[in-house]
Amino acid sequence: MKQCPYNFSIKQVNQNVYEYDENNLNVFHSHKLIESHVRLPCIGEECGAFYDGRCHYNEG
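In terms of the numbering used here, the sequence shown opens at residue 1 and continues consecutively.
FYI, nobody ran anything at the bench for these hints, they're computed from the structure. Bear in mind that the values here come from a model prediction, so they are computed numbers and not experimental data. Check each hint, because a few of them may be wrong.
To be verified - In the SDA-like style, the derived pairs of lysine to any residue whose C-alpha atoms are separated by at most 25 Å in a straight line are: (1) Lys-11 <-> His-31; (2) Lys-2 <-> Glu-59; (3) Lys-32 <-> Gln-15; (4) Lys-11 <-> His-37; (5) Lys-11 <-> Glu-46; (6) Lys-11 <-> Glu-35; (7) Lys-32 <-> Val-13; (8) Lys-11 <-> Glu-59.
Take the sequences, apply the hints, and build the full model.
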């Protein structure tokens, strides 16, 4: 099945790292936002850019 280059799902995961000293005080905090894009299958005739048997999304 064809995948659509313009229709995708975004998955985001937050990653936090904390470090504490001997008095249990926070001395370091790091935050990362990890994002991945997953292409979705072409939905063909259900898409507004698909007509005449093919995708016309990127045509002016």
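Okay, the hints, checked on the actual structure:
A distance of roughly 17 Å separates the Cα atoms of Lys-11 and His-31; the hinted pair therefore holds under the 25 Å criterion. For a cut-off of 25 Å, the pair hint linking Lys-2 to Glu-59 stands: about 19 Å separates their Cα positions. Between Lys-32 and Gln-15 the CA atoms are separated by roughly 5 Å; this keeps the pair inside 25 Å, and the hint holds. For a cut-off of 25 Å, the pair hint linking Lys-11 to His-37 stands: about 6 Å separates their Cα positions.
With a C-alpha separation of about 24 Å, the suggested pairing of Lys-11 with Glu-46 holds against the 25 Å cut-off. Our distance criterion of 25 Å between C-alpha atoms is met by Lys-11 and Glu-35, whose separation comes to about 6 Å. Restraint check for Lys-32 and Val-13: satisfied, since their Cα atoms lie roughly 8 Å apart, inside the 25 Å limit. For the given pair, Lys-11 sits about 28 Å from Glu-59 by alpha-carbon distance, which is inconsistent with the 25 Å threshold.
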